[in-house]
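Chains as they are written, first to last, in the working numbering: chain A, 1 to 361; chain B, 1 to 486.
It is worth saying that the hints were derived from the structure and are not from the lab.
Glycine included, C-beta positions come from ideal geometry on N, C-alpha and C.
Just so you know, not all the hints are guaranteed correct.
Okay, the calculated bits of chain A under chain B, using three or more residues with CB under 8 Å as the criterion [stated by the list, open to error]:
#, segment
1, 97-111
2, 242-248
Among the chain B residues that face chain A by a calculated CB cut under 7 Å, a handful are [what the hints assert, rightly or not]:
#, residue
3, L18
4, V40
5, F41
6, F187
7, Y215
8, N219
9, G222
10, N223
Chain by chain, the residues:
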Amino acid sequence: MKSFIKRFFLVVMPILIIVSFVNYFGDAANIFKKDYEKNIANDILKGNNVTNIANHNERLLQKYLINNASFCPDVLMLGASRSMLINSTYFKGETFFNNCVSGATIEDLIAIIEMYRQKKCLPKKIIIGVEPYFLNSNNNQKRWETLELEYQTFINQTANDSLKKEDNLIFKTEVFLKEFFVFKELLSPSYFKSSVLELIMSKNSDPFVTDKRTNKTFTKLFDGSVNYDVGYREASNEMVEEKVSSFLARDISNFENFDKLDISLQSKFVSLIDYLLLNNVKVEFFVAPYHPKVYEFITHTAKYKNVIKSETFFESLALKKKIKIIGSSDPNKFKLDKTYFYDALHLKEKGVGIFFNSVAE
Amino acid sequence: MVFNSVSFLIFFTAFFLLYWFVVNKNLKRQNLLLLAGSYVFYGWADWRFLSFLIGVSALNFYLGIHIEKAKNPTYKKVLLYIGLLAGIGGLAFFKYYNFFVTSFKDLFQLLNVNLNLQTLNIIVPLGISFFTFRTISYLLDIDKGKVQSTKDWVVFFNYVSFFPALLAGPIDKARSFIPQLEKNRFFEYNNAVDGLRQILWGLFKKIVIADNCAYITNNVFGNYESLPASSLLLGAFLYAIQIYADFSGYSDMAIGFSRLIGFNVTKNFDFPFFSQNIAEFWQKWHMSLTSWLTEYVFTPLSIKFRDYDKLGLIFAIVINFTICGIWHGANWTYVLFGFLHGCYFIPLILKGTINKKKKIAKDRLLPSFREFINVAMTFSLVMFTFIIFRSETIYQAFHYFKGLFSLSIFTNPIPPLSLSKLDTLAIVSFISIMLIIEWLNREKEFGLQINYIKQPYFRIGVYYAILFSILFFGAITSSEFIYFKF
Numbered sequence: 001m002k003s004f005i006k007r008f009f010l011v012v013m014p015i016l017i018i019v020s021f022v023n024y025f026g027d028a029a030n031i032f033k034k035d036y037e038k039n040i041a042n043d044i045l046k047g048n049n050v051t052n053i054a055n056h057n058e059r060l061l062q063k064y065l066i067n068n069a070s071f072c073p074d075v076l077m078l079g080a081s082r083s084m085l086i087n088s089t090y091f092k093g094e095t096f097f098n099n100c101v102s103g104a105t106i107e108d109l110i111a112i113i114e115m116y117r118q119k120k121c122l123p124k125k126i127i128i129g130v131e132p133y134f135l136n137s138n139n140n141q142k143r144w145e146t147l148e149l150e151y152q153t154f155i156n157q158t159a160n161d162s163l164k165k166e167d168n169l170i171f172k173t174e175v176f177l178k179e180f181f182v183f184k185e186l187l188s189p190s191y192f193k194s195s196v197l198e199l200i201m202s203k204n205s206d207p208f209v210t211d212k213r214t215n216k217t218f219t220k221l222f223d224g225s226v227n228y229d230v231g232y233r234e235a236s237n238e239m240v241e242e243k244v245s246s247f248l249a250r251d252i253s254n255f256e257n258f259d260k261l262d263i264s265l266q267s268k269f270v271s272l273i274d275y276l277l278l279n280n281v282k283v284e285f286f287v288a289p290y291h292p293k294v295y296e297f298i299t300h301t302a303k304y305k306n307v308i309k310s311e312t313f314f315e316s317l318a319l320k321k322k323i324k325i326i327g328s329s330d331p332n333k334f335k336l337d338k339t340y341f342y343d344a345l346h347l348k349e350k351g352v353g354i355f356f357n358s359v360a361e
Numbered sequence: 001m002v003f004n005s006v007s008f009l010i011f012f013t014a015f016f017l018l019y020w021f022v023v024n025k026n027l028k029r030q031n032l033l034l035l036a037g038s039y040v041f042y043g044w045a046d047w048r049f050l051s052f053l054i055g056v057s058a059l060n061f062y063l064g065i066h067i068e069k070a071k072n073p074t075y076k077k078v079l080l081y082i083g084l085l086a087g088i089g090g091l092a093f094f095k096y097y098n099f100f101v102t103s104f105k106d107l108f109q110l111l112n113v114n115l116n117l118q119t120l121n122i123i124v125p126l127g128i129s130f131f132t133f134r135t136i137s138y139l140l141d142i143d144k145g146k147v148q149s150t151k152d153w154v155v156f157f158n159y160v161s162f163f164p165a166l167l168a169g170p171i172d173k174a175r176s177f178i179p180q181l182e183k184n185r186f187f188e189y190n191n192a193v194d195g196l197r198q199i200l201w202g203l204f205k206k207i208v209i210a211d212n213c214a215y216i217t218n219n220v221f222g223n224y225e226s227l228p229a230s231s232l233l234l235g236a237f238l239y240a241i242q243i244y245a246d247f248s249g250y251s252d253m254a255i256g257f258s259r260l261i262g263f264n265v266t267k268n269f270d271f272p273f274f275s276q277n278i279a280e281f282w283q284k285w286h287m288s289l290t291s292w293l294t295e296y297v298f299t300p301l302s303i304k305f306r307d308y309d310k311l312g313l314i315f316a317i318v319i320n321f322t323i324c325g326i327w328h329g330a331n332w333t334y335v336l337f338g339f340l341h342g343c344y345f346i347p348l349i350l351k352g353t354i355n356k357k358k359k360i361a362k363d364r365l366l367p368s369f370r371e372f373i374n375v376a377m378t379f380s381l382v383m384f385t386f387i388i389f390r391s392e393t394i395y396q397a398f399h400y401f402k403g404l405f406s407l408s409i410f411t412n413p414i415p416p417l418s419l420s421k422l423d424t425l426a427i428v429s430f431i432s433i434m435l436i437i438e439w440l441n442r443e444k445e446f447g448l449q450i451n452y453i454k455q456p457y458f459r460i461g462v463y464y465a466i467l468f469s470i471l472f473f474g475a476i477t478s479s480e481f482i483y484f485k486f
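Could you put together the complete structure from these sequences and hints?
Encoded structure:
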């Protein structure tokens with residue numbers, strides 16, 4: 001038995017050492033490079049566009065952007081990737097910043113607003129790109145946990161007792177452990193693949209500042225919004241259609257098991273809106289449309305019925321709180337055909353313009 | 001907790017150390033630990049049905065003892081029928097209730113009668129088809145006197161819920177498995193090393209072959225209406241490879257983990273894609289299920305129909321395989337899948353070659369042309385039924401076939417957009433490597449049984465090559481094992 005275990009480890013150890021080495025030095029998602037997000041944030045805050053950004057922690061980037069900014073924006077855009085293209089050109093004469101993060105959840109919105117609150121820097125207006133899965137307790141989104149401390153601070157100060165978590169040693173230890181467990185990626189097989197490629201290709205993955213808005217890789221603009229890369233922007237209609245078909249061939253991410261509009265999430269969202277209104281922040285909702293095929297599919301698929309119901313929830317909340325709603329998930333309402341979309345979910349700039357040029361006017 | 005997850009790695013490491021270092025000197029404690037481990041494993045997957053699993057075990061344990069004890073044959077039969085009814089009833093309720101309700105409703109609607117039957121929102125307990133078949137065979141064997149009931153509840157509960165085989169088999173019969181639980185187990189170095197090799201081979205098949213094929217087949221079956229016949233043919237071919245790599249990969253891992261803790265579990269696959277006819281295919285595909293059905297369904301049926309000669313045999317086989325199809329799930333596609341396989345046997349029965357066994361390429365490296373054609377024909381027949389198996393409805397399967405048999409078969413297949421040339425080349429290469437390795441080792445227990453290679457460094461080189469291919473080419477987003485849903 002002992003000889004079995006000894007031999008087993010002799011065979012396995014070199015693998016573990018190689019995998020850890022490659023994952024640490026390849027570091028495809030820059031999780032072991034501590035200043036990666038900080039440097040991007042500094043360049044953006046100097047008024048630059050930054051491109052060649054590899055995988056990174058978007059929440060951490062927002063944290064640096066907010067905490068290191070020397071200004072307080074008048075208008076904030078919050079939401080998920082579908083609202084990331086909304087930029088300052090639509091808000092002339094006002095300081096605009098886009099703090100959207102991919103797969104944003106209500107927890108993300110709360111945490112970001114908390115960071116502005118702590119800076120005593122709440123904006124005059126916040127446009128929230130509302131997403132149906134905000135109300136899906138099974139949306140499987142965990143990325144917001146990077147900002148858990150900020151989220152929990154807001155909840156502890158504003159929400160009702162049931163949501164509060166004591167700001168004690170246990171909670172702080174939890175947050176510390178989460179940061180520490182990033183090191184489990186050292187042994188991650190899935191991370192290994194990307195890290196090997198990173199090492200082999202040894203391409204320069206360091207972000208750099210650029211004057212251009214459109215580049216080979218996606219560009220984070222000086223106002224926090226993004227511009228997709230050339231390849232994505234110039235995809236033919238056929239390629240977009242194929243993206244849409246393959247998107248529809250699988251379960252739609254974030255909408256899996258969307259069996260109800262979660263009461264607790266509704267209540268969190270309403271509390272957030274009440275807090276903003278109470279602090280004289282003007283709130284608007286942006287409902288981004290889906291690609292026509294996707295909308296058609298969602299409306300005719302029983303398991304996605306709550307996607308449409310959630311829009312009704314946001315509409316009635318807006319009506320009740322006198323909040324302006326921009327857009328609709330139904331592309332037909334604005335005569336947006338398939339040429340207005342980059343893929344199944346994301347509207348092109350010409351589509352965004354339809355909604356936000358009128359806002360600017 | 002699936003075998004190819006970090007949580008299982010941690011669980012099994014802790015279990016292995018406790019099993020061989022802490023409770024190894026006491027069989028009772030070792031069995032108790034095994035049972036606790038099995039329940040943790042099952043509860044981790046779905047804790048809601050843990051009590052159901054325990055209840056099923058308790059009922060069958062009690063029935064087993066009393067069937068054996070019963071002097072009165074009627075009482076004995078009553079107890080047996082209670083057990084069978086509970087087993088088949090549970091299976092019917094959890095897996096087939098909604099299927100029966102909707103099928104009845106549809107049938108009566110054809111006659112313009114609206115039945116007010118409601119479907120239920122039922123969650124199927126994981127592994128129910130597997131542990132139910134284990135308990136049924138136990139009761140039937142006791143009734144027939146093939147096995148004695150065990151009086152040790154820990155042993156029996158372990159037989160029902162043995163974690164390496166709990167969720168997707170192999171389906172061991174009590175007479176081969178319970179004796180292993182009743183005797184002291186000793187760590188055997190060679191058996192454990194073989195177990196590790198088998199786990200490695202299973203992981204390779206699951207993560208490198210099946211999960212990568214799944215990426216393409218999901219795309220093809222999801223968009224079959226807009227794809228040319230060449231793509232559909234490729235999708236069908238890859239799905240046959242996927243389901244084999246997925247299920248045999250799982251079985252290899254289950255057998256490998258069992259070996260590491262001193263058990264020899266029934267072999268489930270014997271390189272079925274090298275079969276020369278459909279009868280041979282079923283002797284080599286999901287062998288534990290085939291063996292179960294042969295013993296408890298086909299044999300009694302063929303005895304019943306023996307007066308009808310070949311026609312009786314055809315009836316028995318078609319019914320047997322239709323049940324085999326239904327076992328997979330509550331869908332007409334599975335029924336048709338099983339029925340067609342039953343029908344595939346008819347020419348063999350009529351020709352009288354059903355039991356004819358001829359080893360492929362015996363003492364040769366390559367098969368003869370005739371053998372090759374036989375293998376290709378058998379594979380094609382099986383591949384076509386897997387289209388039905390994979391389809392969500394008969395309608396979808398029909399349209400898939402309609403698309404498949406068209407002139408666009410001569411066009412280039414369209415790969416999914418995001419699949420790079422390197423990925424495509426890697427998938428094709430790894431499928432070839434798997435088939436070549438399995439072909440070379442077709443006389444062995446499993447594909448990677450390479451203990452005949454004497455140079456240890458060469459063996460270690462093979463392990464490293466496989467490990468790195470898993471790490472580098474393994475699908476990042478692993479999909480669930482296909483047979484978990486059965």
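Right, here's what the structure says about each hint:
Chain B is given as covering the segment 97-111 of chain A, and this is violated because 0 residues of the stretch bring a CB closer than 8 Å to a CB of that chain, at least three being needed. Proximity of the segment 242-248 of chain A to chain B, defined as three or more residues with a beta carbon under 8 Å from a beta carbon of that chain, is established by the 5 residues found. Taking 7 Å as the C-beta contact cut-off toward chain A, the hint placing L18(B) at the interface is violated, the least distance being around 13 Å. Look at V40(B): its Cβ only gets to about 21 Å from chain A, farther than 7 Å, so that hint breaks.
A cut of 7 Å between beta carbons decides the hint on F41(B): the least distance to chain A is about 22 Å, and the hint is violated. The beta carbon of F187(B) comes within 5 Å of a beta carbon in chain A, closer than 7 Å, and the hint placing it at the interface holds. Proximity of Y215(B) to chain A is violated relative to the hint, the smallest CB-CB distance being about 10 Å (cut-off 7 Å). A least Cβ separation of about 6 Å between N219(B) and chain A falls short of the 7 Å threshold, and the interface hint therefore holds.
Evaluation of the G222(B) hint against chain A yields a held restraint, the C-beta minimum of about 3 Å falling below 7 Å. Here the hint on N223(B) is kept, as its CB sits about 5 Å from the closest CB of chain A, short of 7 Å.
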